Each structure stands twice: as C-alpha cells, then as structure tokens.
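Starting from the known structure of chain A, arrange chains B and C on it as the hints suggest.
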Amino acid sequence: MRVPSRLPAIVLAGAVAVSLAACGTQPQTSGSGQSGTTQTTGAFPVTITTSNGPVHIKARPGAIISLSPTATEMLYAIGAGSQVKAVDSDSNYPPQAPRTKLSGLQPNIEAIVADKPDLVVVSYDASTLASKLSAFSIPVLNLSAPSSISGVYSEFTQLGRATGHLAQAQREVARLRQQISAIVASVKRPSHPITYYYELDPTYYSLTSTTFVGRLLGMLGMKSIADAAKGAAAAGGYPQLSSEYILSANPQYILLADTICCHQNATTLAKRPGWANLTAVKDKHVVLLNDNIASRWGPRIVDLLRTVVAALKGTGGLKGTGSS
Amino acid sequence: MATVLLFLAVAAGIMIGPSDISLRAVGEALLAPLPWHPHLSVPAVDVAIIWQIRRPRVVLAGMVGAMLAGSGAAYQGVFRNPLADPYLLGVAAGAGLGATVIIINGAAPGLLPVAAFAGGAGTVALTYLLGGSADRGGDATRPAGGSASIMLAGIAMTALLTAVQTYLQQQHFPQLQQVYTWILGGFSLASWSDVTLILPYLAVATVVLLAHRRLLDVLRVGETEANVLGVDVARVRLTVVAAATLGTAAAVSVSGLIGFVGIIVPHTVRLAAGASYRTVLPVSLIGGAAFMILADIAARTVQAPAEVPIGVITAAAGAPFFLYVLRSRRARRELA
Amino acid sequence: MIVLERVAVHYGERPALASVSHQVAPGEWLAVVGPNGAGKSTLLRAMAGLLPHQGQITVDGQPTKGMARRRLARLVAYVPQTPTFPPDMTSLDYVLLGRTPHIGYLRMETQQDRELCGGLLDQLGLRTLAGRPLATLSGGELQRLVLARALAQESAILLLDEPTSSLDLGRRVEALEMVDALRRERSLTVVSAVHDLTLAGQFADRLMLLDQGRIAAAGPPGKVLREEVLVPCFGPGVQVLTEPDGSRIVLSRRLAAPSPRG
Numbered sequence: 001m002r003v004p005s006r007l008p009a010i011v012l013a014g015a016v017a018v019s020l021a022a023c024g025t026q027p028q029t030s031g032s033g034q035s036g037t038t039q040t041t042g043a044f045p046v047t048i049t050t051s052n053g054p055v056h057i058k059a060r061p062g063a064i065i066s067l068s069p070t071a072t073e074m075l076y077a078i079g080a081g082s083q084v085k086a087v088d089s090d091s092n093y094p095p096q097a098p099r100t101k102l103s104g105l106q107p108n109i110e111a112i113v114a115d116k117p118d119l120v121v122v123s124y125d126a127s128t129l130a131s132k133l134s135a136f137s138i139p140v141l142n143l144s145a146p147s148s149i150s151g152v153y154s155e156f157t158q159l160g161r162a163t164g165h166l167a168q169a170q171r172e173v174a175r176l177r178q179q180i181s182a183i184v185a186s187v188k189r190p191s192h193p194i195t196y197y198y199e200l201d202p203t204y205y206s207l208t209s210t211t212f213v214g215r216l217l218g219m220l221g222m223k224s225i226a227d228a229a230k231g232a233a234a235a236g237g238y239p240q241l242s243s244e245y246i247l248s249a250n251p252q253y254i255l256l257a258d259t260i261c262c263h264q265n266a267t268t269l270a271k272r273p274g275w276a277n278l279t280a281v282k283d284k285h286v287v288l289l290n291d292n293i294a295s296r297w298g299p300r301i302v303d304l305l306r307t308v309v310a311a312l313k314g315t316g317g318l319k320g321t322g323s324s
Numbered sequence: 325m326a327t328v329l330l331f332l333a334v335a336a337g338i339m340i341g342p343s344d345i346s347l348r349a350v351g352e353a354l355l356a357p358l359p360w361h362p363h364l365s366v367p368a369v370d371v372a373i374i375w376q377i378r379r380p381r382v383v384l385a386g387m388v389g390a391m392l393a394g395s396g397a398a399y400q401g402v403f404r405n406p407l408a409d410p411y412l413l414g415v416a417a418g419a420g421l422g423a424t425v426i427i428i429n430g431a432a433p434g435l436l437p438v439a440a441f442a443g444g445a446g447t448v449a450l451t452y453l454l455g456g457s458a459d460r461g462g463d464a465t466r467p468a469g470g471s472a473s474i475m476l477a478g479i480a481m482t483a484l485l486t487a488v489q490t491y492l493q494q495q496h497f498p499q500l501q502q503v504y505t506w507i508l509g510g511f512s513l514a515s516w517s518d519v520t521l522i523l524p525y526l527a528v529a530t531v532v533l534l535a536h537r538r539l540l541d542v543l544r545v546g547e548t549e550a551n552v553l554g555v556d557v558a559r560v561r562l563t564v565v566a567a568a569t570l571g572t573a574a575a576v577s578v579s580g581l582i583g584f585v586g587i588i589v590p591h592t593v594r595l596a597a598g599a600s601y602r603t604v605l606p607v608s609l610i611g612g613a614a615f616m617i618l619a620d621i622a623a624r625t626v627q628a629p630a631e632v633p634i635g636v637i638t639a640a641a642g643a644p645f646f647l648y649v650l651r652s653r654r655a656r657r658e659l660a
Numbered sequence: 661m662i663v664l665e666r667v668a669v670h671y672g673e674r675p676a677l678a679s680v681s682h683q684v685a686p687g688e689w690l691a692v693v694g695p696n697g698a699g700k701s702t703l704l705r706a707m708a709g710l711l712p713h714q715g716q717i718t719v720d721g722q723p724t725k726g727m728a729r730r731r732l733a734r735l736v737a738y739v740p741q742t743p744t745f746p747p748d749m750t751s752l753d754y755v756l757l758g759r760t761p762h763i764g765y766l767r768m769e770t771q772q773d774r775e776l777c778g779g780l781l782d783q784l785g786l787r788t789l790a791g792r793p794l795a796t797l798s799g800g801e802l803q804r805l806v807l808a809r810a811l812a813q814e815s816a817i818l819l820l821d822e823p824t825s826s827l828d829l830g831r832r833v834e835a836l837e838m839v840d841a842l843r844r845e846r847s848l849t850v851v852s853a854v855h856d857l858t859l860a861g862q863f864a865d866r867l868m869l870l871d872q873g874r875i876a877a878a879g880p881p882g883k884v885l886r887e888e889v890l891v892p893c894f895g896p897g898v899q900v901l902t903e904p905d906g907s908r909i910v911l912s913r914r915l916a917a918p919s920p921r922g
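Residue numbers (this note's numbering), protein chains in the order written: chain A, 1 to 324; chain B, 325 to 660; chain C, 661 to 922.
Excised from the complex, chain A in its bound form:
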C-alpha cells in the first residue's frame, strides 16, 4: 500500500472533502426531528446517516473499537469512554484509552471480529472494512476527516447518537463553538491576511487555506502561501512546495507540524539552505505545533487554535481586542 501517511488523516480527508461538501447543506444526521427529547441513554435502535451512507445500530454499544485517533478523542470527550473496548495503535490520547496493536490503515478483520465489538469507528474505510464486518452484523461508523468545522460538529452528534450520548455530544459541540468564537473574537482581524507556511514534513509538504486546518487558521485572518499551487486545492490541498518558492513567498509566519516526527524547530529551519534570509526565521515567527493535535479534528482543535493565537499575539502578528 502506498498512501502517504502523515498526510493520511488529512490527505485521505481530501478525497472525501468533495463528497462532504456535496451534502454540507443538508442535515448530516437522520432523525434529528424525532430525537427532540434527548436523554443520555439515547434511543435505540438508531440509524445514523453519514457522508459514507447509513449505519444501523440496534442497541446501545458497550464494546466499541475505535480505529481513528480523532474518534477516540471524541468518544472520551462525550463521555463514551467507558464503552470503548479497544483503540488502534495511533490513538495515544487520552492516555487511558485502551491502546492495542490494531491498525486503522491495515485493519486485521479477524482480530477485530475476535474482540466481539458492537460498533467499530474508523476515519478511513481501509479494505472495505464496513462491508466485510457487515457479514458479522458489526456496524461500522466511518467518520472521515471533514473539510470544515461544521463537519466536526456533525461527527460529534453522529457519534453521540451512535453511542447514546447525544446530549453530552451536543454540550461538547456547544463548548467548542463557544471557545472557538471566543478565541476568534479575542483578536483583531488583520487588515491584510497574515501569510503563513504550514509545514507537514521537512520535504515541504504543506496545506492550502481550503483544508480543514487552513480554514481554522483562516478564521484568524491567515492565508497559506500554498494557495498559489495550481490545482493543489482541487487535489485535496496538500501540495509539496518548492524550497525556492517558500523563500520567494517569504511568509510572515512558519507553522511547523513536524516537531515530533521530524524534530524540526527554529534552529533546524535556519540551517536549511537560504532559509536564514526568511523574515519569519529572522524574526522568530516560527510556531511549533504538536503533530498529533494538528493532524486530528477532534476536541483539541481548540488547543491548536490557542497555540497559534498565543504565538501570533506574542510576536505582534495579531493584536488582542481585549474582549477575552
């Protein structure tokens, strides 16, 4: 299998971004009308409509397997942690999640079936897992990477409905909504977009403003230098940039999402050929992000936003409004 990987979460997401966009205007969850009266236990059986088709769940699941690090974070955030039986090898947050050797990208069907789950959550339907597990009557909820924040909210509610924690999911969505708007309101929108180079790995894979993270940063009035790449947005928004383009574009900020995988920091940047000339390097406008947080679209997107705002405020890129 030859799928580039640190993109995975993200690049694979690009593939579904289009389909998400297509149904973005419609309610993403079915039965939103019927479930006017929500209680923590939820109503079962329930049919969840996702962008990847309807999923029927007979009873409240008590043995969930999550093969998606983002879904793992979401499950714990909405109080469904006690129902989680196993998570994949990349689900390293929260720490109490029962991590196993299961792989989300090359799922071992036999091992999954042997665990007798009553719900499997994935972010990428590798090896047509859903159709294979349907033979064992195990529902598979595929929550792929969204292209917008509303897509994140939909996934929370879908997960809430599927696990019987709809109310908590809705509270979590409200919390995220509130915190994000508070962060956005806390800064003055710059008169000109703040340009940035977002680094996914040291070979200059980057992202455009139309990606999920790009949209998040766009809310602060930031614009990716990768937007100039022809057709990159249509192709998912994760182009590999030329070094000389990064130099000539001379972005105001550099955001590094390869600090853990590849040990990148301001010092390593300055050592790259010609990079010492970059204004962002000279002015120390280099924001270090946690790779894991930056590649997931779960509850910690707020942390990502906070890190960026704090760094930009600290270096004068963004000015506070004093509102929070």
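Calculated directly from the structure, the hints in this document are not laboratory data.
Only a predicted model underlies this, so the values are computations on that prediction, with no experimental measurement involved.
We put the CB at the ideal spot given by N, CA and C, even for glycine.
Be aware that a few hints might be false.
Once the Cα atoms are required to be at most 25 angstroms apart in a straight line, the calculated SDA-like pairs of lysine to any residue come out as [claimed, not checked]: (1) A:230 with B:480; (2) A:284 with B:434; (3) A:230 with B:344; (4) A:271 with B:517; (5) A:282 with B:349; (6) A:284 with B:432; (7) A:230 with B:635; (8) A:101 with B:497; (9) A:271 with B:640; (10) A:284 with B:375; (11) A:284 with B:515; (12) A:271 with B:375; (13) A:284 with B:368; (14) A:271 with B:450; (15) A:271 with B:369; (16) A:223 with B:344; (17) A:101 with B:494; (18) A:282 with B:404; (19) A:282 with B:504; (20) A:101 with B:431; (21) A:282 with B:328; (22) A:313 with A:187; (23) A:101 with B:429; (24) A:282 with B:517.
What follows is a list of derived Cβ distance ranges for each label pair [said to hold, decoys possible]: (25) B:647 with A:181: 29 to 35 angstroms; (26) C:795 with B:432: 51 to 57 angstroms; (27) A:190 with B:355: 37 to 43 angstroms; (28) B:602 with A:276: 42 to 48 angstroms; (29) A:313 with B:647: 38 to 44 angstroms; (30) B:432 with C:670: 36 to 42 angstroms; (31) C:792 with A:235: 53 to 59 angstroms; (32) B:647 with C:909: 54 to 60 angstroms; (33) B:625 with A:100: 56 to 62 angstroms; (34) B:335 with A:195: 28 to 34 angstroms; (35) B:625 with A:267: 27 to 33 angstroms; (36) B:652 with C:847: 19 to 25 angstroms.
This is chains B and C only, laid out in the frame that chain A set:
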C-alpha cells in the same frame, strides 16, 4: 551535441524556477558574491535562491543524472544485458532500507545519506559474495563466475531487503510518508553540503568507469572470448561494479531512488551514436546530467510552486521519448 | 612447444578428458579428431585456460595453471566454434580487440596497434571492410575476421575449434588454405579440432584421435586414418580410400542397401 545540451540545461536550470526572477536579476545575483561587484539592486532573497537553492539543485541533479546513466551503461556492459540498470544488484533496495531505518528511528537527518550509502554499497557487496564470483582472481585456468548467478543473487537480495523495508515502514506508520517521499526521490532539498558529500565518490567512480571503456568493448564479445583475449573478466566486472556501486550508492543517498535514467539514457546514446563504450560511457555521463537537470526543471515548474516527484517526470517524459528513438531508429534500419 | 601431461577435465562427476599426454612441436599443425563428445573442444578449451584441469599443460616451458590471462593470451590465441560478433562493431574495431593482451590494463590502443591490425585486414583481403559493421559481413568474411583478431594477438600458438563448421564445402578448403599459409609464413603452431577427417588428414602434420576422453591414436595422417583405427571409434560406417599420392579420403557409407522392393 550532448555537451551543448548539458550547457543549455544548466543555464535553463539556473534561470527557470517557480519564483519569478528576471534574467537580469539572475545575472546580478550570480555576480553578487563577487567582492568587486557593482552596486546591485537584486534582493538578498533572490541571491539566496540562485546561489543556495537553484545552483546546488542544478549541480546535484547533474551529478546524480550523470552517475545513474554512466553506471547504467557500465552495468549493461559488464553483464551484457540491455535490461541491467544501476539498481540491478540491490543498491536501491539496500539504500531504501538504510534510509527507512534512519527515518523510523528518528535519528539525526545527517545520518540518512550515510545509512543509505552503507545500505546500498553493503547490499551489492553481499550480492557479489552470494553470487559466488568475488574471488576468482587472475588465474587463467579457473573459469570466471557467471554473470547470470550474480544477477539472480541481486534479484533475490532486492526482494529480501524490499520485504524488510516494507515491513518496517508498515510497522511505523507515522513515518511512512517520509519514507515514501525519500524513496520517490528528488532534489527539492538539495544543498551544497550534499554536493560536497558525494563529490569524491562520484569523481572516483567516474574516473574508474571511463578508464574501463575499452575493456567494456572487449566484453561485448562475451565472457569466454574476453577471457581468451587476456581480460580477467571477473576482475573487470568486480572493479566496474564496485565503482558503479560506489557512485550510485552515493548518488541515491542524497537523491532518493530515481528510476529509469540508468536505462533510457545509455540506450538512447547507443541508438544515436553507436554501441561502442568509448562513446556510450562519456556521452551517457553528459546526457544523463542534462536529462536529469531538465527533468528537475519540470519537477519544480509543471505545478509550481508545488513539486512533482522527479521519478514521475523521468518516466513520463523519458519513456515516450525513448520509444520514439527506438521506433525511428528501427525505421531507419529498415530503409537501409 | 606444447606439452600435455596427464591432462584430465571433469564436468561434475563425468570425466570429459582422462589423462591426455601429448607434445606438439613448434610450427606443427595438430588436428584433434574424434566422434561427437570425444573431448575435442574440451581439450582446446583447457589449453586456452577456459576450463579447470588436472595434470599439466606447459606452453614454451611455462605451466598455464595459475598464469595471468594477459600472459596466456600472448602465448595462445583461441578461436571458438561460434564466435560472438557484436552487430554494430566495425571490422577494424573487432580486429583491434586482439591487441588487448598487449595494451596496458586501462590504456587505449596506439597508432601502432591500428597499423598492425590494418595490415592484417590487408593480408586477409578485408581492407575495404575496415569501417563496415559486422552485421553486414558474410560468413566467410567473418571467419577471416576472427582469424585476423587471433593473429593480432601475435601469439605463436593458434587454437581453432572447428574453424570451418559454419562454412560451405568450398569455403572450408579456402579457409584451411589460409590458415596453412599463415602458419607457414609466421611459423605458428596450430591445434585445431576438426570434424572432417579427410581435410584434417590433408592439412595437419599430425592427428590426435580422441574417443571418450582418451587418445585412441596419434601420429601422422597415414597412421591414424585407417579403417581398423577409425571403426572402433566411429562405428562400422566408415570407409577409408587411399589416393594414388598416398593421401586418404574418409567416407561415411551405408553398410548394406535394403533389399529392393517388389
């Protein structure tokens, strides 16, 4: 003609790139580091782009292209097999494994070329030992080891190491994309330190290969006849393979695994200028450099400012061109 | 002078040559004859240093075992049964390959080498073909060319493995006449494996008859080309006719015609 092509390719490589720098600015930037240059208006960033990004990139691409094409020609000569390429005896698989081990262990990036080089060169040495012809010496009454057994050993080693490499990369999923990017190869990260790192190996390899160009012609009549003409085939093969491996391993350690160049460049040269290694070797070196520089220009401009993997360019542009040369040559022969 | 002392060659377990001892005097033409699989080519290949052997092969007093290839190639030139002709190599370049043992390991041929090879092309009537690619040459021309390459080695001994097998009847005599003329002019020692017993008897000074890897008979043609010597090796279909001048013609002939039909 190949030299003219190389000259043009170098010039184009320095002038063309995703950032829009005028010809005048390029000229000024080239003068900028000289101590007596007149007052220049070109911005420091443009000088840095020309000197620290484009020039090492052009030079490195040229060196790697020359080495891969020259090694390909030499391998085809010593193994008398038109399908032989520099990766035949496992350089690529070994280098790939070396690079993968470094990447998944998160070791210092400076170690990557070292590990790739060691993996590539070590694999070929092992292939040679297992192929069973490393120590025939100069004894006229003992037969030289067959090249077929060495090639088969190379295929086996490649399969084995690729399996190990694939296993490791699947076990370390978060680093898979880095491994994958390295394997695809390219010059987007080229620097002068890469150039100085591989220069000694490439220089030695090139000199040794060129010195063997007449002996490679003798080998064209086959191992048996070359032996009775006084050539110690086993020793020549060992020396040429060692030199080509040294150069190729050094080249791929900084460029990644760029395919196809080692096959199409020498064969294009053969079709255009005859099969004598006196011509094929030097012209392949020059032509390989020009081809790789042009491919790299395409890699960084076709989707500018995004990069296209250079292996995609070498195959997508090289294969149709090669087929065209093959066809037109055949047509000419039929007329003759 | 070539001295073979109990030379034996094994292909795996199977002996191809068993304890062959013989001497070839300088300037002599020795034809190695015998049925298929008798070991003719094996003996020549062993003498050319292409096969590991037991016993000892001595050329001009020097044992060939352990000898460097370059040195052996200056003593012995070998022409295989089916030489390889790279189709786009030119005739002159092909003959120049014969200079290899005289050119330093990593050096190129000199003007002298070119002149010498040009002279050989002249002598063999190939001058006009010097610049032609081998693909355009006829079988007879190629045969002369490979001979020219062997002569370019300037060795005193010429080993020819079935030199005429690819030629038609008329060309065979022509080619052997050329070898004969050259060996007289250059006082070469020639050892050739020959299939055609009649021609072997007419050109060679001595014959060596091999059968199952052993010498069945050796000596001048008149001694070897006799029915009582040949029949045990080749079977009863061999008949020897003696010409008035004493030369012998070896025929293969049907033993008895089947009874006429009807």
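A quick look at each hint next to the structure:
1. A:230 with B:480: 42 angstroms, violated
2. A:284 with B:434: OK: residue 284 (chain A) and residue 434 (chain B) at ~24 angstroms, within 25 angstroms.
3. A:230 with B:344: OK: residue 230 (chain A) and residue 344 (chain B) at ~15 angstroms, within 25 angstroms.
4. A:271 with B:517: 11 angstroms, holds
5. A:282 with B:349: The hint holds at about 24 angstroms.
6. A:284 with B:432: 23 angstroms, holds
7. A:230 with B:635: At roughly 20 angstroms apart (the allowed maximum being 25 angstroms), residue 635 (chain B) and residue 230 (chain A) satisfy the hint.
8. A:101 with B:497: 12 angstroms, holds
9. A:271 with B:640: 34 angstroms, violated
10. A:284 with B:375: At roughly 24 angstroms apart (the allowed maximum being 25 angstroms), residue 375 (chain B) and residue 284 (chain A) satisfy the hint.
11. A:284 with B:515: 23 angstroms, holds
12. A:271 with B:375: 15 angstroms, holds
13. A:284 with B:368: It holds: about 18 angstroms lies between the C-alpha atoms, which stays within 25 angstroms.
14. A:271 with B:450: 37 angstroms, violated
15. A:271 with B:369: 15 angstroms, holds
16. A:223 with B:344: Given pair residue 223 (chain A), residue 344 (chain B) holds - Cα atoms ~20 angstroms apart, limit 25 angstroms.
17. A:101 with B:494: 12 angstroms, holds
18. A:282 with B:404: 56 angstroms, violated
19. A:282 with B:504: Given pair residue 282 (chain A), residue 504 (chain B) is violated - Cα atoms ~32 angstroms apart, limit 25 angstroms.
20. A:101 with B:431: 24 angstroms, holds
21. A:282 with B:328: Between residue 282 (chain A) and residue 328 (chain B) the Cα gap is close to 41 angstroms, so the pair fails against 25 angstroms, i.e. violated.
22. A:313 with A:187: 8 angstroms, holds
23. A:101 with B:429: Given pair residue 101 (chain A), residue 429 (chain B) holds - Cα atoms ~19 angstroms apart, limit 25 angstroms.
24. A:282 with B:517: Satisfied, since the Cα-Cα distance of roughly 22 angstroms is no more than 25 angstroms.
25. B:647 with A:181: 29 to 35 angstroms: With a Cβ separation near 59 angstroms, residue 647 (chain B) and residue 181 (chain A) fall outside 29 to 35 angstroms, so the hint is violated.
26. C:795 with B:432: 51 to 57 angstroms: At roughly 56 angstroms between Cβ atoms, residue 432 (chain B) and residue 795 (chain C) fall inside 51 to 57 angstroms, so the hint holds.
27. A:190 with B:355: 37 to 43 angstroms: Because 38 angstroms falls inside the window, the suggested range holds.
28. B:602 with A:276: 42 to 48 angstroms: Given a distance of about 47 angstroms, which is inside 42 to 48 angstroms, the answer is holds.
29. A:313 with B:647: 38 to 44 angstroms: 59 angstroms, violated
30. B:432 with C:670: 36 to 42 angstroms: 56 angstroms, violated
31. C:792 with A:235: 53 to 59 angstroms: Because 56 angstroms falls inside the window, the suggested range holds.
32. B:647 with C:909: 54 to 60 angstroms: Check passed, 58 angstroms falls within 54 to 60 angstroms.
33. B:625 with A:100: 56 to 62 angstroms: 46 angstroms, violated
34. B:335 with A:195: 28 to 34 angstroms: 32 angstroms, holds
35. B:625 with A:267: 27 to 33 angstroms: Given a distance of about 31 angstroms, which is inside 27 to 33 angstroms, the answer is holds.
36. B:652 with C:847: 19 to 25 angstroms: 52 angstroms, violated
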